[in-house]
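Undergrad: Listed below, chain by chain, are the residues.
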Amino acid sequence: MTFGLASASVELGGRTVLDDVTLRIAPGSVVAVVGGDGAGKSTLLRALVGEVALSRGSVDAPPPDRIGYLPASAGSWAALTVQQNVDFVAGVYGVPPGELGARRGALLERAALTSASDRPASQVSGGMRRKLGFSMAAVHAPQLLVLDEPSTGVDPVSRIDLWRLVTQAAAAGAAVVLSTTYLDEAERAASLVVLDRGRVLAQGPVDDVLDAFDGVVVRTPVAQRPEWSWRRGRDLHELLPPGAAADRADAVVPDLEDVVVALSLRSRAEVPA
Amino acid sequence: MTAPPALLRAASVSRAFGGFTAVDSVSMDLRPGEVVGLLGANGAGKTTLLRLLLGLLAPTSGAVELLGGAPDRERRRRLGYVPQGLGLYRDLTVRENLAFAASSYGAAPAPLEGELAESADALVRDIPLGLQRRLAFVSALAHGPSVVVLDEPTSGVDAVARAELWDTIRAQAASGVGVLVTTHYMQEAEQCDRLLLMSEGRLVGEGDEQAIVAGTTAVAVRTDDWARAFDVLDSAGELVMLSGRAIRVADGDPDGLRTILSAAGLDATVERVPATIEERMAVLARGGGAA
Numbered sequence: 001m002t003f004g005l006a007s008a009s010v011e012l013g014g015r016t017v018l019d020d021v022t023l024r025i026a027p028g029s030v031v032a033v034v035g036g037d038g039a040g041k042s043t044l045l046r047a048l049v050g051e052v053a054l055s056r057g058s059v060d061a062p063p064p065d066r067i068g069y070l071p072a073s074a075g076s077w078a079a080l081t082v083q084q085n086v087d088f089v090a091g092v093y094g095v096p097p098g099e100l101g102a103r104r105g106a107l108l109e110r111a112a113l114t115s116a117s118d119r120p121a122s123q124v125s126g127g128m129r130r131k132l133g134f135s136m137a138a139v140h141a142p143q144l145l146v147l148d149e150p151s152t153g154v155d156p157v158s159r160i161d162l163w164r165l166v167t168q169a170a171a172a173g174a175a176v177v178l179s180t181t182y183l184d185e186a187e188r189a190a191s192l193v194v195l196d197r198g199r200v201l202a203q204g205p206v207d208d209v210l211d212a213f214d215g216v217v218v219r220t221p222v223a224q225r226p227e228w229s230w231r232r233g234r235d236l237h238e239l240l241p242p243g244a245a246a247d248r249a250d251a252v253v254p255d256l257e258d259v260v261v262a263l264s265l266r267s268r269a270e271v272p273a
Numbered sequence: 274m275t276a277p278p279a280l281l282r283a284a285s286v287s288r289a290f291g292g293f294t295a296v297d298s299v300s301m302d303l304r305p306g307e308v309v310g311l312l313g314a315n316g317a318g319k320t321t322l323l324r325l326l327l328g329l330l331a332p333t334s335g336a337v338e339l340l341g342g343a344p345d346r347e348r349r350r351r352l353g354y355v356p357q358g359l360g361l362y363r364d365l366t367v368r369e370n371l372a373f374a375a376s377s378y379g380a381a382p383a384p385l386e387g388e389l390a391e392s393a394d395a396l397v398r399d400i401p402l403g404l405q406r407r408l409a410f411v412s413a414l415a416h417g418p419s420v421v422v423l424d425e426p427t428s429g430v431d432a433v434a435r436a437e438l439w440d441t442i443r444a445q446a447a448s449g450v451g452v453l454v455t456t457h458y459m460q461e462a463e464q465c466d467r468l469l470l471m472s473e474g475r476l477v478g479e480g481d482e483q484a485i486v487a488g489t490t491a492v493a494v495r496t497d498d499w500a501r502a503f504d505v506l507d508s509a510g511e512l513v514m515l516s517g518r519a520i521r522v523a524d525g526d527p528d529g530l531r532t533i534l535s536a537a538g539l540d541a542t543v544e545r546v547p548a549t550i551e552e553r554m555a556v557l558a559r560g561g562g563a564a
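Top line first, the protein sequences correspond to chains H and D.
So for the first sequence, this note's numbering puts the first residue at 1; every next one is plus one.
So for the second sequence, this note's numbering puts the first residue at 274; every next one is plus one.
There may be inaccurate statements among the hints.
Here are some of the chain H residues that sit facing chain D, going by a computed Cβ distance under 8 angstroms [claimed, not checked]:
{"id": "1", "residue": "G14"}
{"id": "2", "residue": "A39"}
{"id": "3", "residue": "V124"}
{"id": "4", "residue": "G127"}
{"id": "5", "residue": "A171"}
{"id": "6", "residue": "R188"}
{"id": "7", "residue": "A190"}
{"id": "8", "residue": "E227"}
{"id": "9", "residue": "W228"}
Counterexamples of contact, computed for chain D against chain H with all Cβ distances above 12 angstroms [unchecked claim]:
{"id": "10", "residue": "N315"}
{"id": "11", "residue": "L414"}
{"id": "12", "residue": "A446"}
{"id": "13", "residue": "A447"}
{"id": "14", "residue": "P527"}
{"id": "15", "residue": "P547"}
{"id": "16", "residue": "R559"}
Derived from the structure by calculation, the hints contain no laboratory data.
If you're wondering where the values come from, they're calculated on a predicted model, not measured in any experiment.
Every residue gets a Cβ at the ideal spot worked out from N, C-alpha and C, and that includes glycine.
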């Protein structure tokens, strides 16, 4: 069975922070939720783990003891060592003591944390702390693994360790959903959901999202319509009005960054904040 | 045509802390109108190099020049700096933050425009991150600096806000300011004119993205059973990464990979693909891939 949300909306303080979002996460796959600060990523993930109530729609998730959740905040106990943090959470989830050693060993090994296992969580680097957070979320081999910005502020080498952990969890059969502000990271996932102001701008495998985009984007030093242009290096990229001819010398093949910006501009023009 | 004089320059500069060499004979420069990206993993020496360039740390050997001379207090007045943590006072309003920054440089506060003007009297901790980033930019640029240093300038914001911040950075460069951006994100690196890659204190690559990844290869592996292929390659000690439904192996040897996969009974296509900057950094961190 797959997990996810169907036509889910969340209102907080009279404001719609999640607007009619449908999302499926199949076991053995990784889905990335991408968007900036305030896009609704955390709300979506918190709705999935039952921390936020929906105002409309439904959630389809395993029971709480089969969910692993890494919140956006640190999520470990500063005074406990790396190993004590993992053991404590394993105890809460009822991991059999006979299995704990092997599971913890494998997780810390893959996370490159073995040599740090006796250090207090307060004394490891930011990247190590996120990997510890992942290990704590995954120690009970959950069916659904929900990771809120696991790699934010993490350097590229730790980021690759984190992705290895994520991939191994999916390869072992978990349904994994994670959020990120970075599109290149989202491209690693089998499928992505682009959120802006609580609304889904695009979703599906990256290639499908690119194929489905119907606009014409040109590279130009000066934009004809500045409000429909965005910065790419020394030049601008500009979205032409609907119906513009695509066979222009200055037309570019839009990449994911172009498509997300163009869809955001369209969506914001339709529904002002 | 002679190039304009460098705004920032390091000549074989090194810095040791005890027996540890954090920066190891690095030479680089930053010229007016240029946006240069400084890349590297944690511990690569980016922060130490930056502190040397800004005169906050003395070199063990080699020389550093800021605006044609020693990086003293007077020259540092012509610097603008946006730290990763933004360096804003969260318990002061937008207007108060600008006034404070301007007075410390002896300049007039920058005029407030657009959304920042609407939030002029809001506490910084109450405004969205994207707006906080814009405020940090306005605040660092108010005194008209000649050199701007930005630490991961667009982290955490959406694609539209990111493009807007890069517009501001480009406008600075177009007016002759030299911009040095430290980052470990591809999307920021792509916006730069030139990249510098550091590893273990040394400068190991310089130029555009192609020049940076030169010497590193990557291989894409496609198979119906990606999960098992990942497991098999990972267990064999390969540097594997997921990429959609394919697997990428940094620094992989196609023939060797084919052997591993077929020994495990996996039917897969294996092809060489251009490496990414991230893969280059991963290979360097493993201690391989000498330039």
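Undergrad: All hints, please: hold or fail.
TA: Here is what the structure says about each hint:
Interface hint at G14/H: violated, since its Cβ lies 17 angstroms from the closest Cβ of chain D, which is beyond the 8 angstroms cut-off. Hint status for A39/H relative to chain D: holds, with the closest Cβ pair at about 6 angstroms, below 8 angstroms. Because the closest C-beta pair between V124/H and chain D is about 12 angstroms apart, greater than 8 angstroms, the hint is violated. The closest approach between the C-beta of G127/H and any C-beta of chain D is roughly 7 angstroms, which is under the 8 angstroms cut-off, so the hint is satisfied.
Interface hint at A171/H: satisfied, since its Cβ lies 4 angstroms from the closest Cβ of chain D, which is below the 8 angstroms cut-off. Given hint, R188/H at the interface with chain D, holds; its Cβ is 5 angstroms from that chain's nearest Cβ, closer than 8 angstroms. A least Cβ separation of about 6 angstroms between A190/H and chain D falls short of the 8 angstroms threshold, and the interface hint therefore holds. Given the 8 angstroms rule on beta carbons, the hint for E227/H is violated: about 11 angstroms separates it from the nearest Cβ of chain D.
Interface restraint check for W228/H: the shortest CB-CB distance to chain D comes to about 11 angstroms, outside 8 angstroms, so the restraint is violated. Remark: the non-interface label on N315/D conflicts with the geometry, its nearest Cβ contact in chain H lying 4 angstroms away (cut-off 12 angstroms). Every C-beta of chain H lies more than 12 angstroms from that of L414/D, the closest at about 16 angstroms, which supports listing it as non-interface. Listed as outside the interface, A446/D is inconsistent with that label: its C-beta sits roughly 9 angstroms from the nearest C-beta of chain H, within the 12 angstroms cut-off.
Not every beta carbon of chain H lies more than 12 angstroms from that of A447/D, the smallest distance being close to 9 angstroms; the non-interface claim is violated. At roughly 21 angstroms, the least C-beta separation between P527/D and chain H is larger than 12 angstroms, which holds for a residue marked as non-interface. For P547/D, the requirement that its beta carbon stay farther than 12 angstroms from each beta carbon of chain H is met, with the minimum near 14 angstroms. Separation of R559/D from chain H is inadequate, the least Cβ-Cβ distance of about 9 angstroms not exceeding the 12 angstroms criterion.
This entry does not satisfy hints 1, 3, 8, 9, 10, 12, 13, 16, going by the numbered hints stated previously.
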